[in-house]
Amino acid sequence: MTVLFGQLFTGISIGAVLLLIALGLALTFGQMNVINMAHGEFIMAGAYTTYVLQQSITGAGLSLAVALPVAFVVAGTMGVLLEVLLIRRLYARPLDTLLVTWGVSLILQQLARDIFGSPNVQTRAPELLTGNVALPGGLTIANNRLFILALALAAVAALTLALRLTPLGRRIRAVVQNRDLAAVSGIATSRVDRTTFFLGSGLAGLAGVALTLLGPIGPTMGTNLIIDAFLVVVVGGIGQLKGSVIVAFALGVLQATGEYLTTLSVAKVIVFVAIVAFLQWRPQGLFTLRTRSLA
Amino acid sequence: MSLFRGRRILAGAMTLVAAAAMTACGSKTTDEGGATGVTADVSGDTVKVGLLNSLSGTMAISEVTVRDSIMLAVEEINAAGGVLGKKIQPVGEDGASDWPTFAEKAEKLISEDRVAAVFGCWTSASRKAVKPVFEKNKALLFYPVQYEGLEQSPYIFYTGATTNQQIVPGLDYLKSQGAKSVYLVGSDYVFPRTANKIIKAYATANGMTVLGEDYAPLGSTEFGTIVNKVKSSGADAVFNTLNGDSNVAFFKEYKSAGLSAAAMPVVSVSIAEEEVKGIGTQYLEGQLTAWNYYQTTPGAANSKFVAAYKAKYGADKPTSDPMEAAYVGVHLWKAMVEKAGAFDVEKVRSASDGITFDAPEGLVTVDGKTQHIAKTARIGKIGADGLITEVWNSGKPVAPDPYLKTYPWASGLS
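So the protein sequences, as listed, match chains W and C. The first sequence begins at 1 in our numbering and counts up by one. The second sequence begins at 1 in our numbering and counts up by one.
Worth flagging that the hints you see were computed from the coordinates, not collected in a lab. One should not assume that every hint holds.
DSSO-like cross-link-like pairs, simulated, lysine-lysine; straight-line CA separation at most 27 Å [claimed, not checked]:
| no. | chain 1 | residue 1 | chain 2 | residue 2 |
| --- | --- | --- | --- | --- |
| 1 | W | Lys268 | C | Lys197 |
| 2 | C | Lys108 | C | Lys347 |
| 3 | C | Lys369 | C | Lys405 |
| 4 | C | Lys48 | C | Lys304 |
| 5 | C | Lys128 | C | Lys48 |
| 6 | W | Lys268 | C | Lys229 |
Remember, predicted model here, so these are calculated numbers, not experimental data.
All chains, full assembly: derive it from the sequences and hints.
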């Protein structure tokens, strides 16, 4: 029973990680339909930001708290630069965007290698986040996992509210639903694109900070995550946040269950087969955005 | 632009990424046929040797450190007058973490550069890829990394540990500490699977129980489930054959699940000083490793090696077991050539038996029959400063036994 709950929580926390790395992508890919292969490197930028800050701020807890907003801004700024310098010029040419951003991702990886060296670097986690909460029945829940779950949920909540309630969110939704109509209604679509890209990339930076608590910080960490992130967004349905949220947790639990009953490699296969089968049945993903746009 | 068009392109992109990942696992047999032995070019006043390491790609992290220590050995030998009066001229090639590339570059070093010996390779996959090249050309490779054993090529000298010099001593140590049960965690490829087969045979013969065995795909960083299983198994110890980045995620998860070195020690065979730096001592303090050399290994030879390495590459650069084995390889080759009085491969091979070298790890002796070296096994404990201190050693060098022929329990393995 303990193991069962342990596994359920493991599944939920795998889901939280998936959600966190996919959330930014749900904005840039899901909303703007830009395939940004360098998204993983923005996650890496967030992780390295945590590392750099820890060199000057000694308290592990304080540096983590500072890293969250700083990484958001660092990754977001990188995203805006990418959008302004390259992606903007390629909006009608998705295949070129893909190749260009993949090139950018390789450049960023090499840049990280040149600046920080190719071996992994380490950060210290605050003592509080390396412990765990013991529940009756011998069940323990790791604090870092709880923290990541909370962070993912907070990010989803903040993003949902921003999209629903703020004027910026209204503009983003208008551009997503019908770019031409939004433009003739007086919305500066290119400025909205830039802001959306800032938010999406910034969320990747946030994910990077969270991942320092779980895994390695190295030049190739982003590449390992990018496929999972795209899977979540594609299965969730493009243009919808709630699809990504549901799919992230569903895949997390499926992965954890598969891992427990079989092996890690087989579990990965199970997840991929399930995704392929699902997309055969619903090629448009879990949720679709209904618009009257002609595009 | 339609949403579906974007998706189709994405599918293409994913295939591209997957294909890029696959090339790293591909293998190619190099067989141009016909050639029987290329003689090294030693006509001038220098002798060329090949250095074959990955300077790019995922293995670069580890292999660059090996290249650095090989260069250190070459410089030392040249400063002392070279080999048979000839200065060593190193020819470097990048294996690029890609096994067919290793085979190609090996061919190039042997046939075009006509080197007297090649030093390098790290993964077993790269060694298996170049092995036919060296055998076909009757050229020499010095391989510096601990590996899964069960191999003995006449054209390879293995200066790292084979299983009976690393894994078996690791198990002996656990047994002596009273461990009755172990849990096996490893990456999903040839080394951990072979190692675990050996561990299971050892356990059966020594009254230990293997409570579970789990493999993570290489590069996997999600260890929630495995750590849950390890924890609920209640094993006395964990034997860890994970490789690379997976170790970071595993140890972070291990600690946050409330497990510790005191409650359930982990013995690792792929974590050396360099890796400790990348994982964080916060997660590793008190955990065990099995190797033949640590930066802290006492002795004048090691103080000299560590000081020379740090002077050349930086005070913050640790020295580790594979680096030391690579460094030793170059010196052993020099001794073999001098004993043979020639650079000729067959003469060097027949001169190899019994060659000794006062290595940083202690005295090592070449066993001419297996072309492995006798070396002392050392179990170490990771300290808060990131260095590993020895807690046990085999007392004397352990004779290499790549096929575990002297261990009755291993009879059914190979």
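Verification of the hints:
1. Lys268(W) x Lys197(C): holds (24 Å)
2. Lys108(C) x Lys347(C): The given pair, whose Cα atoms are some 23 Å apart, holds under the 27 Å limit.
3. Lys369(C) x Lys405(C): holds (14 Å)
4. Lys48(C) x Lys304(C): Holds, because 26 Å separates the two Cα atoms, which is no more than 27 Å.
5. Lys128(C) x Lys48(C): Satisfied, since the Cα-Cα distance of roughly 24 Å is no more than 27 Å.
6. Lys268(W) x Lys229(C): Answer holds: Lys268(W) to Lys229(C) is near 18 Å, not above 27 Å.
Consistency note: the structure conflicts with none of the earlier hints.
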